[in-house]
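*Asks:* Start from the sequences and build out the full structure, keeping to the hints where you can.
As you go down the protein sequences, you meet chains A and B in turn.
Numbered per my numbering, the first sequence spans residues 11 to 236.
Numbered per my numbering, the second sequence spans residues -4 to 126.
Source of the hints: derived by calculation from the structure; they are not laboratory data.
Predicted, not measured: the structure shown is a model, and the values here were computed from it.
Even for Gly, the Cβ is constructed at its ideal location relative to N, Cα and C.
Among the hints, a few may not be true.
Per the computed footprint, the stretches of chain B lying under chain A, defined by three or more beta-carbons under 8 angstroms from a beta-carbon of chain A, are [said to hold, decoys possible]: (1) 1 to 11; (2) 65 to 76.
With a straight-line cut-off of 30 angstroms between C-alpha atoms, the simulated DSS-like cross-links for lysine-lysine are [to be verified]: (3) A:Lys85 <-> A:Lys73; (4) B:Lys59 <-> A:Lys130; (5) B:Lys(-3) <-> A:Lys207; (6) A:Lys109 <-> A:Lys172.
The primary structure of each chain is shown beneath.
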Amino acid sequence: MIRWTALLLTGAAGRVALGSFTPVPPKMPDDTPRPDPDEDLVTRAQEGDTRAFDALILKYGEKLYGLIYNMTSNKEDTHDLLQDVFARAYHSLPKFKGKSTFYTWIYQIAVNMTLNFLKKRKRRTGLSLNEMDSSVHQDPALVDTGRDADPERQANVHELQKRLNEAMQSLSESHRTVVTLFDVQGLPHAEIAKILKVSVGTVRSRLHYAHQHLQTYLQDFWEQRF
Amino acid sequence: MKISDQEIGNLLALKRHEGPPESYMEDFLREFHQRRREEAVRGSRVSVLWQRFTDWLSEPGLAKWAYGAGVAYAAVLAIVISMPRGQEVESIVPEAVDHRVVAPVENVAPTQLDELDLRPSSEGKIGEQEF
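*Replies:* This is how it looks when you write it as structure tokens:
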């Protein structure tokens, strides 16, 4: 444990230490309804202002990339899906009435399209864990960019990354979605419930089960390293 | 040592910083516009309708499936109703054939002309002829 904690602390100041890391709540919409911060951009985009829609793409593109990537574990699929998600949003924008925030709406589109894609992919050919790539830019807390990077550390970090991806892919789609939205994307339960159109209780239940599954999956690796 | 729920959460939270390479979004945006232009050139009404249909299908909700099921049921019903009725279908089972056996009749030639009955075949009032 000390070795790993030290390993993660050896980077630049401010990097996240695994043992002492407390997740910072992301700035996401809370449970109380409030005006859509994207209302102006959405209205302009609905009126045909392509720059406004570009601004929405730039605002949510990276978050949605992370969401889709963590669900598919494939860079090319993520890129194509993200293009399709924004294309669908672009075509459906006239129908957007503002009953939810644009943020929730675009997440709903992304989650639905990704789940549909995963079902098709599973039917076509089951994705082998070996086919997963991890070519996205990795966590700065994990990647040592210093000149004195320790090769052993890099190898361990890479192994941890791989194991995490494998653990994620071992979850069912519905559980992976909840874990991605909550643990990786940092959305609150209520927001996830809105996106998935399920109850908050269902979200909590799925999270509990998924964490148990991940604990079991990662236990051997954890014991070897700590 | 057992990995705790908190540690699982912490490990997963580290993935928050994963993201696309730098300048990815600029290239993405360029490709997005390129695709829209190509789509506009192609842009037939059929493709727009298809897009809307797939959009509609991808939206969650039970109502659309109820509509879809209703339309499918109506289509099947229309096919059943429009099928021609009253046409007798020939039976493929052959009718039973009555093979009658006719016994051979002995060919007895009359020996005397007197023995022949030369009277008119019909006697009585009707058909009686006088010479």
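*Asks:* Evaluate each hint against the coordinates.
*Replies:* Okay, the hints, checked on the actual structure:
Counting residues of the stretch 1 to 11 of chain B whose beta carbon lies closer than 8 angstroms to any beta carbon of chain A gives 10, which meets the minimum of three for the stated coverage. Coverage of a stretch by a chain is defined here by at least three residues with a beta carbon nearer than 8 angstroms to that chain's beta carbons; for the stretch 65 to 76 of chain B and chain A the count is 0, and the condition is violated. Straight-line distance between C-alpha atoms of lysine 85 (chain A) and lysine 73 (chain A) comes to about 14 angstroms, which keeps the hinted pair within the 30 angstroms bound. Between lysine 59 (chain B) and lysine 130 (chain A) the alpha-carbon distance is near 21 angstroms, which keeps this suggested pair within the 30 angstroms criterion.
Of the pairs offered as hints, the one joining lysine -3 (chain B) and lysine 207 (chain A) is violated, with about 34 angstroms between alpha carbons and a cut-off of 30 angstroms exceeded. Pair hint lysine 109 (chain A) plus lysine 172 (chain A) does not hold up; C-alpha atoms about 40 angstroms apart against a cutoff of 30 angstroms.
Violation of the numbered hints given earlier is confined to hints 2, 5 and 6; the remaining hints are satisfied by the structure.
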